[in-house]
Amino acid sequence: MRMMCNKKWIVENIQSTIKKLKIVCYQKVENHSQKSSSEMVTSFLQMKWLWQNRAQIGFGKDAVKEHLNKFVTPKSKVLCLFGGGSIDKNGARSDVNDALSKLKCEVRWEGGIPPNPEYDRLVEIVSVVKEFKPDVLLAVGGGSVIDGTKFIAVAATYEGENIDYWDEIIIKKSFQGTPLYFGAVLTIPATGTEWNHFFSVSRRSINWKAAATGYVNCYPQFSLIDPKYTMTLPVKQIRNGVFDAFTHCADFVLAPIDENKLFDNFMFSVMKELVEIGPEVVKPNSSLELHERLIVCASFALNTLFNLGRFGCFSIHHIADRLTAKYGIDHGATLSMVMPVFYEHTFEARKERFAAAAEFIFDVHEGTVEDKARLFLENVNKFIDSIGIAKKVSDWEGVTINENDVDEVTNMVMEQTNKGQPFGCGNCGTPELVRSVLKKVIV
1 MRMMCNKKWI VENIQSTIKK LKIVCYQKVE NHSQKSSSEM VTSFLQMKWL
51 WQNRAQIGFG KDAVKEHLNK FVTPKSKVLC LFGGGSIDKN GARSDVNDAL
101 SKLKCEVRWE GGIPPNPEYD RLVEIVSVVK EFKPDVLLAV GGGSVIDGTK
151 FIAVAATYEG ENIDYWDEII IKKSFQGTPL YFGAVLTIPA TGTEWNHFFS
201 VSRRSINWKA AATGYVNCYP QFSLIDPKYT MTLPVKQIRN GVFDAFTHCA
251 DFVLAPIDEN KLFDNFMFSV MKELVEIGPE VVKPNSSLEL HERLIVCASF
301 ALNTLFNLGR FGCFSIHHIA DRLTAKYGID HGATLSMVMP VFYEHTFEAR
351 KERFAAAAEF IFDVHEGTVE DKARLFLENV NKFIDSIGIA KKVSDWEGVT
401 INENDVDEVT NMVMEQTNKG QPFGCGNCGT PELVRSVLKK VIV
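Sequential numbering from 1 applies to the sequence shown in the UniProt record's numbering.
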């Protein structure tokens, strides 16, 4: 993989950071959603943490062939989980089968994990796990397959009948043990789930998409990433990967809190790289190098290393996730719908962060802070247009919008995010703000 100058800069700074900070364990940050704006500056930015990332990453050509045997012992029982037929088209299933055959493993495949992994299907697979009793769960797919596998690896440890896994794992967050041994073969840029402990699950029967962020034992044991698997992806999935990664960086670095230049510049560098490669990687027959660069960006966008010392604002995600739950729209596309409108509504609180982003990402160096901040928002809109991703609900094919949808989704956001109370930095996520944003998005 040919390293570009800004990518080399990322690697050198990571090495320097690790050396300086002697990072040893997992960062734990308490939920400050109810803090006042004045408290947030000191509470959300602290050069103090415990951090660890347990996942081992194999990246590059033939990663499965070269590395899977390091993590799966001979004659193991392996349950491979996937979504649909793309793993046959991109060669991932064949590579996995070949590697496991050489290890003389007993292999079973279970598919049907949809985008925004569906709770009901995951529960069905939990039953398969309990019957098959695999030594290894192997996610072969994108972020949804990996997220679903994390949920399954947790749920399968519960004993007994008629367990409400949604209530236990998502609502009560009762899991305190060790999940089943699992790893991943990544086929779609997945914004870090291949080497972080977060996962999201959708439950369409109740129009709810929820994130589980507190299970620190849910890192994959390993993830193998061969960029060639992404070469056959539909352009829609590439667009989603680009903007999902961009948003996860923005969640942290554009939150209205004090700057932390070392970590901010890491995030800005990833965002700048995405702006550079985004319009090209979504074109037909884009190069392997562009796909490599996209996967690196997506992986670093949420592996939690760049988040040390600061707490983000996930209001965009909270609103976007309810649009996904309501309409079935892809996650990346709901983010691109919400971000520009949300930033317009929170401009005053964030304009200094926007100005800093404009300077680093878009080389805007003239004008006042407000001028630079406005140009940042203008350039974000141009970036969205350049990759061809949706900007409002009606841009998504097959969606029907009803008269009361704004009120319905506003209620979903408020109730499912923080039990009806404001959320986000400075409690910016009020019913009034959410409704105002959605009025411009649900059109």
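Simulated from the structure, these hints should not be mistaken for laboratory data. Take the hints with a grain of salt, since some may be wrong.
BS3-like, lysine-lysine: derived pairs with alpha carbons at most 27 Å apart [what the hints assert, rightly or not]: (1) 70 to 48; (2) 419 to 172; (3) 48 to 236; (4) 261 to 283; (5) 102 to 89; (6) 382 to 439; (7) 75 to 48; (8) 272 to 236; (9) 283 to 70; (10) 440 to 173; (11) 75 to 130; (12) 61 to 272; (13) 65 to 228; (14) 236 to 261; (15) 77 to 133; (16) 77 to 61; (17) 89 to 272; (18) 133 to 75; (19) 61 to 419; (20) 70 to 102; (21) 102 to 77; (22) 382 to 261; (23) 104 to 61; (24) 172 to 104; (25) 77 to 48; (26) 236 to 382; (27) 392 to 236; (28) 102 to 283; (29) 61 to 228; (30) 48 to 173; (31) 77 to 172; (32) 283 to 172; (33) 102 to 173; (34) 61 to 102.
Simulated restraints on C-beta separations [unchecked claim]: (35) 173 to 407: 21 to 31 Å; (36) 419 to 52: 40 to 50 Å; (37) 432 to 160: 23 to 33 Å; (38) 231 to 133: 31 to 41 Å; (39) 109 to 430: 39 to 49 Å.
Where is the CB? At the ideal position from N, CA and C, for every residue including glycine.
Here is what the structure says about each hint:
{"no.": "1", "hint": "70 to 48", "verdict": "violated, 34 Å"}
{"no.": "2", "hint": "419 to 172", "verdict": "holds, 13 Å"}
{"no.": "3", "hint": "48 to 236", "verdict": "violated, 40 Å"}
{"no.": "4", "hint": "261 to 283", "verdict": "violated, 34 Å"}
{"no.": "5", "hint": "102 to 89", "verdict": "holds, 22 Å"}
{"no.": "6", "hint": "382 to 439", "verdict": "holds, 21 Å"}
{"no.": "7", "hint": "75 to 48", "verdict": "violated, 44 Å"}
{"no.": "8", "hint": "272 to 236", "verdict": "holds, 21 Å"}
{"no.": "9", "hint": "283 to 70", "verdict": "violated, 36 Å"}
{"no.": "10", "hint": "440 to 173", "verdict": "violated, 34 Å"}
{"no.": "11", "hint": "75 to 130", "verdict": "holds, 19 Å"}
{"no.": "12", "hint": "61 to 272", "verdict": "holds, 25 Å"}
{"no.": "13", "hint": "65 to 228", "verdict": "holds, 13 Å"}
{"no.": "14", "hint": "236 to 261", "verdict": "violated, 34 Å"}
{"no.": "15", "hint": "77 to 133", "verdict": "holds, 8 Å"}
{"no.": "16", "hint": "77 to 61", "verdict": "holds, 26 Å"}
{"no.": "17", "hint": "89 to 272", "verdict": "violated, 31 Å"}
{"no.": "18", "hint": "133 to 75", "verdict": "holds, 14 Å"}
{"no.": "19", "hint": "61 to 419", "verdict": "violated, 46 Å"}
{"no.": "20", "hint": "70 to 102", "verdict": "holds, 13 Å"}
{"no.": "21", "hint": "102 to 77", "verdict": "holds, 13 Å"}
{"no.": "22", "hint": "382 to 261", "verdict": "holds, 26 Å"}
{"no.": "23", "hint": "104 to 61", "verdict": "holds, 23 Å"}
{"no.": "24", "hint": "172 to 104", "verdict": "violated, 40 Å"}
{"no.": "25", "hint": "77 to 48", "verdict": "violated, 42 Å"}
{"no.": "26", "hint": "236 to 382", "verdict": "holds, 18 Å"}
{"no.": "27", "hint": "392 to 236", "verdict": "holds, 15 Å"}
{"no.": "28", "hint": "102 to 283", "verdict": "violated, 37 Å"}
{"no.": "29", "hint": "61 to 228", "verdict": "holds, 7 Å"}
{"no.": "30", "hint": "48 to 173", "verdict": "holds, 25 Å"}
{"no.": "31", "hint": "77 to 172", "verdict": "violated, 32 Å"}
{"no.": "32", "hint": "283 to 172", "verdict": "violated, 44 Å"}
{"no.": "33", "hint": "102 to 173", "verdict": "violated, 39 Å"}
{"no.": "34", "hint": "61 to 102", "verdict": "holds, 19 Å"}
{"no.": "35", "hint": "173 to 407: 21 to 31 Å", "verdict": "holds, 29 Å"}
{"no.": "36", "hint": "419 to 52: 40 to 50 Å", "verdict": "violated, 31 Å"}
{"no.": "37", "hint": "432 to 160: 23 to 33 Å", "verdict": "violated, 44 Å"}
{"no.": "38", "hint": "231 to 133: 31 to 41 Å", "verdict": "holds, 36 Å"}
{"no.": "39", "hint": "109 to 430: 39 to 49 Å", "verdict": "holds, 47 Å"}
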